[in-house]
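Colleague: These are the residues of each chain, in order.
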Amino acid sequence: MTHIGIIDCGISNLTSVKNAFDYLCINAEIVRNPHDLPRYSHLVLPGVGAFRRGMQNLHASGFDEAVVDEVQKGKPVIGLCLGMQLLAEHGEEFGITEGLGLIPGDVVKLQLPSSPEFRLPHVGWNDVQQLKTSRLWRSIDDNTAFYFVHSYVYGSIPDEQVIGTADYGSRMVAVIEHEHIFGTQFHPEKSQKSGLQLLKNFAELC
Amino acid sequence: MLKNRLIPVLFLKHGWLVRSEQFRYHQNLGNPLTQVGRYNTWNVDELIYIDITPDDHYDILRDDLGGVGYENPRDILDIIRLVSKECFMPLTFGGKIRTLEDIRRRLALGADKVTINTQALADPSFITAAAEEFGSQAIIVSIDVLKNDDGTYEVYTQLGQEPTGRTPATWAKEVEERGAGEIFLNSIDRDGMANGYDLDLIRRVVDNTHIPVIACGGVGKHQDFARGIIEGGASAVAAGNIFHFKEMSYPLAKKDLKKVGLNVR
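Chains V and W, in that order, are what the protein sequence lines are.
Per this note's numbering, residue 1 is the first one in the first sequence, and the count goes up by one each step.
Per this note's numbering, residue 1001 is the first one in the second sequence, and the count goes up by one each step.
Rather than coming from a laboratory, the hints here were simulated on the basis of the structure.
You may find that some hints are simply not true.
As a list, the in silico DSSO-like pairs of lysine-lysine whose alpha-carbon atoms are at most 30 Å apart [what the hints assert, rightly or not]:
#1 1259(W) - 1221(W)
#2 1221(W) - 1246(W)
#3 1246(W) - 200(V)
#4 73(V) - 200(V)
#5 1085(W) - 200(V)
#6 109(V) - 1173(W)
#7 1246(W) - 132(V)
#8 193(V) - 1246(W)
#9 75(V) - 1085(W)
#10 1258(W) - 1246(W)
#11 1096(W) - 1085(W)
#12 200(V) - 75(V)
#13 75(V) - 193(V)
#14 109(V) - 1147(W)
#15 1147(W) - 1221(W)
#16 1147(W) - 1085(W)
#17 193(V) - 1255(W)
#18 1221(W) - 1258(W)
#19 1173(W) - 193(V)
#20 1003(W) - 1246(W)
#21 193(V) - 132(V)
#22 193(V) - 1085(W)
#23 132(V) - 75(V)
#24 193(V) - 1258(W)
#25 1096(W) - 1255(W)
#26 1147(W) - 193(V)
#27 1085(W) - 1259(W)
#28 1173(W) - 1246(W)
#29 1221(W) - 1003(W)
#30 1096(W) - 1259(W)
#31 1147(W) - 1246(W)
#32 1003(W) - 200(V)
#33 132(V) - 109(V)
#34 1173(W) - 1259(W)
#35 1096(W) - 1258(W)
Examples of chain W residues toward chain V, derived with CB under 7 Å [to be verified]:
#36 1001
#37 1035
#38 1039
#39 1085
#40 1089
Glycine residues also receive a C-beta, built at the ideal position from the N, C-alpha and C atoms.
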């Protein structure tokens, strides 16, 4: 039975994510103790804020090792925004920090063309191109807009793991999938109907 | 490509939605929660709620203006809690934020961002402390500007009541350097006047910063939004009153923005 565990990494917008699953009538709880992770069928790693602080919080609470253990056992996980970035090997925000290392790749500052229209953070609704078929895309049209707010992005990642991109000055990684590990750079919990559909698609993976 | 955002701003006083004019006159429009369903239907890009209650008084006993089936919210936290259960779009809340704990409480209840104004001016290091704690993306600094009779611009604090001697472009640059993620720029003299944005003011702030600027104050017709983006250079355009008083104004405004070739959702 689907039972979503939303990981509390200290600085994330947990309530928004919980509200989204409640609205969808999908059983989800906020998890504050890493020992409870085995109880859940799916994990969500939400996140706002900086990479370094996010990892420090995961480490201090013991979630870093617990999440990796569960995911290595085959449990589906989705990282949202900073949560997706924390799945990487390293992040460079406020100094190089080691990530969870579940996705081979590094998170770097968004490189923008020097034109006043490109501002940081990248905030707002941007179309996402679906590069590959995925169970996450079920009932979602190609080039649907999702809500982004971030200044950092995956810089290096194997092409086959990128299933969606967006364009902000150049192509950037928007959605990743590697076996049962997923991540969205945008906030599905803030992207209205299409975002809710994506969360539902994740919850329906077995 | 990134789309230009069109943002309804809801000003709240004593727990009620109000129409604001020059930051001085406020007309009660009723219970803020009755509007929430409409914003969902319209698929609005984002919502900004600003609590302009000057004291701690929330007038929850009035029942003449409440919508049927809606309780009167007890305070701003109540409003955040209820709105975030129904609106799956970015939600910003401002007003009366003085401490990191004030921000934490709002984010924990479902706010995505907060706007800071008076406290940022009283103690600019608060912007940095907030950005370090919650990330720049969660911290919007709101700047209220009055155009003086001699044509100069000045930043005001305390709900637009106190002059600070600061010029908007310089203050905007400072808030960016201190870690703000966005600027919410409002014009006191245009507020509620429906005579269009102060495009010169927007341009000055946009040209002196690299973070997104949300323009507000003075929208009277849909064309004003397009001018805010094209002539002012704003990343997002916001308004309060026009969305309360015209039927379907939000979707129709979007249509008009599309018509002039702007990239909107």
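Colleague: Determine for every hint whether it applies to the structure shown.
Modeller: Comparing the hints with the structure gives:
no.: 1; hint: 1259(W) - 1221(W); verdict: holds, 15 Å
no.: 2; hint: 1221(W) - 1246(W); verdict: holds, 10 Å
no.: 3; hint: 1246(W) - 200(V); verdict: violated, 35 Å
no.: 4; hint: 73(V) - 200(V); verdict: holds, 22 Å
no.: 5; hint: 1085(W) - 200(V); verdict: holds, 17 Å
no.: 6; hint: 109(V) - 1173(W); verdict: holds, 21 Å
no.: 7; hint: 1246(W) - 132(V); verdict: violated, 43 Å
no.: 8; hint: 193(V) - 1246(W); verdict: holds, 25 Å
no.: 9; hint: 75(V) - 1085(W); verdict: holds, 28 Å
no.: 10; hint: 1258(W) - 1246(W); verdict: holds, 19 Å
no.: 11; hint: 1096(W) - 1085(W); verdict: holds, 23 Å
no.: 12; hint: 200(V) - 75(V); verdict: holds, 16 Å
no.: 13; hint: 75(V) - 193(V); verdict: holds, 26 Å
no.: 14; hint: 109(V) - 1147(W); verdict: violated, 38 Å
no.: 15; hint: 1147(W) - 1221(W); verdict: holds, 21 Å
no.: 16; hint: 1147(W) - 1085(W); verdict: violated, 39 Å
no.: 17; hint: 193(V) - 1255(W); verdict: holds, 20 Å
no.: 18; hint: 1221(W) - 1258(W); verdict: holds, 15 Å
no.: 19; hint: 1173(W) - 193(V); verdict: violated, 36 Å
no.: 20; hint: 1003(W) - 1246(W); verdict: holds, 24 Å
no.: 21; hint: 193(V) - 132(V); verdict: holds, 21 Å
no.: 22; hint: 193(V) - 1085(W); verdict: holds, 14 Å
no.: 23; hint: 132(V) - 75(V); verdict: holds, 22 Å
no.: 24; hint: 193(V) - 1258(W); verdict: holds, 21 Å
no.: 25; hint: 1096(W) - 1255(W); verdict: violated, 35 Å
no.: 26; hint: 1147(W) - 193(V); verdict: violated, 41 Å
no.: 27; hint: 1085(W) - 1259(W); verdict: violated, 34 Å
no.: 28; hint: 1173(W) - 1246(W); verdict: violated, 36 Å
no.: 29; hint: 1221(W) - 1003(W); verdict: holds, 20 Å
no.: 30; hint: 1096(W) - 1259(W); verdict: violated, 39 Å
no.: 31; hint: 1147(W) - 1246(W); verdict: holds, 28 Å
no.: 32; hint: 1003(W) - 200(V); verdict: holds, 25 Å
no.: 33; hint: 132(V) - 109(V); verdict: holds, 25 Å
no.: 34; hint: 1173(W) - 1259(W); verdict: violated, 33 Å
no.: 35; hint: 1096(W) - 1258(W); verdict: violated, 36 Å
no.: 36; hint: 1001; verdict: holds, 6 Å
no.: 37; hint: 1035; verdict: violated, 17 Å
no.: 38; hint: 1039; verdict: violated, 10 Å
no.: 39; hint: 1085; verdict: holds, 5 Å
no.: 40; hint: 1089; verdict: holds, 6 Å
Going through the hint list in order, the structure does not satisfy hints 3, 7, 14, 16, 19, 25, 26, 27, 28, 30, 34, 35, 37, 38.
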